[in-house]
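Asks: Work out the full structure, taking the sequences as your base and the hints as a guide.
Protein chains: 2
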Amino acid sequence: MTSAIPKEYGVQNGVNGLHNLSEPNEQQSHGELFLTEAFKVIVEEAVRKGTDVNEKVCEWQEPEQLRALLDLELREHGESHKQLLQRVRDVAKYSVKTNHPRFFNQLFAGVDYHALTGRLLTETLNTSQYTYEVAPVFVLMEDVVLQKLRSLLGWNEGDGIFCPGGSISNMCAMNVARYWAFPQVKTQGLWALPRLAIFTSQESHYSTKKAAAFLGIGIDNIYHVKVNESGCMIPEDLEAKIVLAKSQGAVPFYVNATSGTTVQGAFDPLERIADISERNGMWMHVDAAWGGSVLLSQKHRHLVSGIERANSVTWNPHKMMMAGLQCSVFLLRDTTNLLMRCHCANATYLFQQDKFYDISLDTGDKSIQCGRKVDCLKLWLMWKAEGSQGLAERVEKAFAHTSALVEEMKKREGFQLVSEPQFVNVCFWYIPPSLRGKENNADYQDRLAKVAPTIKERMVKQGTMMLGYQPLEGRVNFFRMVILNPQLTKRDMIFFLDEIERLGKDL
Amino acid sequence: MTSAIPKEYGVQNGVNGLHNLSEPNEQQSHGELFLTEAFKVIVEEAVRKGTDVNEKVCEWQEPEQLRALLDLELREHGESHKQLLQRVRDVAKYSVKTNHPRFFNQLFAGVDYHALTGRLLTETLNTSQYTYEVAPVFVLMEDVVLQKLRSLLGWNEGDGIFCPGGSISNMCAMNVARYWAFPQVKTQGLWALPRLAIFTSQESHYSTKKAAAFLGIGIDNIYHVKVNESGCMIPEDLEAKIVLAKSQGAVPFYVNATSGTTVQGAFDPLERIADISERNGMWMHVDAAWGGSVLLSQKHRHLVSGIERANSVTWNPHKMMMAGLQCSVFLLRDTTNLLMRCHCANATYLFQQDKFYDISLDTGDKSIQCGRKVDCLKLWLMWKAEGSQGLAERVEKAFAHTSALVEEMKKREGFQLVSEPQFVNVCFWYIPPSLRGKENNADYQDRLAKVAPTIKERMVKQGTMMLGYQPLEGRVNFFRMVILNPQLTKRDMIFFLDEIERLGKDL
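Protein sequences, first through last, are from chains E and D. Going by our numbering, the first sequence opens with residue 40, and the numbers climb by one from there. Going by our numbering, the second sequence opens with residue 40, and the numbers climb by one from there.
You may find that some hints are simply not true.
Identical chains share a label here; the pair holds if one copy fits it or two copies do between them.
In silico DSS-like cross-links for lysine-lysine, where the CA-CA straight-line distance does not exceed 27 Å [to be verified]:
1. K500 with K544
2. K338 with K187
3. K187 with K423
4. K121 with K285
Think of the hints as simulated: they come from the structure by calculation, not from any bench. As the structure is a computational prediction, the values presented were derived from the model and not from experiment.
Replies: Structure below.
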């Protein structure tokens, strides 16, 4: 079918004289060879060594030293195949091994091999999740995955979308709630509205602050509701804060409840909060980014009972479900296309109305993004591999490890719980021998506050394990241990306790 | 070092009776085997076939049919190794091959093998770009890459961050500009401010609308500036719109100029816009998501001259640079830590102040996200492989292909340009034989409007190539061909023209 190619086609001056428009710039076979060899390095360094308890969790280097080791500068000329393979190896070597069984530092950890496969395929296919035309498989798949997640919430209908992380999911919730209460905001902005008030607990995630600032509502218009010792919102204080906001002339429109707080892993009392939200005509959002995964387990889902009464939910399967960063969903109970109406901008170059297929499949305009990564495949493939039962088993095992660890901790003199865990966050102080029994000394709290940072420094420099610490609401620095990796065994748990003791015994 | 493991440790009831806490849930060796075998399938289906001109660009299926073929439902029990491998194969098979040399549908296309390697490594390492502690390599790398991109803009200093896509980069620009003009907005919200006015061209990207709505400013407070025939902002009209806004009591604070519009690939006159912005004390943002890559070429960078006068710039290396979705940077000229001050929320559990290293390396609080994907590695590794020169050559070759194609188009009767290309977007109508010379018929425009959708349907159903179409500002549906893939040869270009003719000759 191809015409004869005109001789004069494409005679142009390039950087190096004439462009040869008859040949591609690079040989595909060279590219494929590099990819294949590099994959072997990745498996060796980041997968095999990265999950081996006999290898370090991290290879600590001072920033200046690391900068020199990596030779980061970008230059005029490219490097050889061999040099580039070495770069792949170096990047892996000096990166923290979050797949490692002794990485307890964040609310994600470990590797699921099927999810990882889904991620590699996603990257290779390199498409954007906006239209059926360009992402047919993923448009259908996203729909099925969202439906499945909603059904776990107890919703037969509803809406939703994958977002780049829980903070943005929470922002979308606040924006949709605002539009639901005051649709004119989309066109006229906040000047057309009374001052709005937002409610969230003192121990809720900082994304509520970021959202209030970004959406133009302002951080001062957040009313922080008190929590009990375990970090759960006190409903009576929510009611009091709503009364306060109204008395100050603000309009309460949004309450953010948390299922699984970041530090203590606390679950807010959703039924009570739902009663209050309904009574006050407010949108109830549940930030279940961390705790949502308890829905997978019949045994533990009672922690979020009442979640079905929420208007919207954030849930991050990249956390406890191990789908890989990033995988966050924003789910809505709404059936009136509120999400689309709130976010759409109807770009004619992307969402043409005269397509030859059902354009309700072009879901991209529900998003605040234009190009949007495919985040459903990794979760879908993992679910196909594990089944709901396999995923439930992981959640239950993490709870089982947590209670076993806590029991063991209580037997050891140096460990003091901050609160009884509700979830798989174990918050504790390590009291070194020199501080035991000195609770009444004037400098006790100051000295205790320095213990966790010092142990942390030692552990990172030795690379034996990683976990986080923080102060919280008047409590000095304590450790937060997070248990979620299905590769964990009791050996790792005992190692963990022994290692804290080893690193802290002289403090 | 490990203590004896207490016998009673972890005796718990699970889904299937007792949890065995002595063993991991899954065998790592099984997982690794699956990953390795699946990688072979990915290379075969998505890389090799996905880039082969003898294979289809897409395997069109009606949604219902595709749903049935894929068996998307998520069930109670997991599937076998073999079934799961078949799923990987099917997902690849029915996905659009954006790596294919005949995919011209979006502002991204093709595959860079080194960037893809960087992406696979990123996914495998699975870390979040918030602290040096958990992403030491990537914190340093992001800094170097941002510096390099800024230096191409002509900035020796400045700030920046990778964002999940150009729309969010543009939103960040608007938010930072607002905070720069009115810092009280962060705490008090927009009620503390006069009504704000935003300026952007009629042909600018729809993310300005999404941003104005999301940030609570309101779409009605966008003043759309007129463009010339090629789609470039008319500076005189910008001045007129600023006067208009002021006369309506609004405060002009933000102008969004575009370098490389989505449809026509137009470049706004930045010097003139900078003069006007400065005179009016406004923040000037350049949305160079698409066109920024001309900065790589000495020959073509004049298209963005004046960009160094902007306050901020969005640039998406996932577009013309082929770094892979998503790779978008938001760059600022500011040296006063404005980005951090605007976005920070100071979470104590993440950004501890008593760390043992320089906490200025914990850049995560500059972002509106909490967890943030690593987007620098793919760009960095590609740059190391190609060098600045190799990247420049790609840009110049794309321009060379574009002018050669346009010359050839002018020789063929059925092709009519919408405007002379400034960039690598070629916008044109295909006039089928039956419509030639009928420009004055009453139904000409209506009939012409139907040509592109029909050709598009035929091409997708046959899978021979993909390109987009749209109406624009009173012009009926026309095609937008996008040239950027370095794998293209003149054979593909001639094929392209022949194929349009073949698909449309009977219309």
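Asks: All hints are to be evaluated individually against the structure, with a verdict given for each.
Replies: Against the structure, the hints:
1. K500 with K544: within (17 Å within a copy, 70 Å between copies)
2. K338 with K187: So K338 and K187 pass the 27 Å test inside one copy only (19 Å; across, 53 Å).
3. K187 with K423: Classified as within; 12 Å inside a copy, 43 Å across copies.
4. K121 with K285: Cα proximity of K121 and K285: none, with 67 Å in one copy and 61 Å across.
Figure legend: structure checked against the earlier numbered hints; the only hint not met is number 4.
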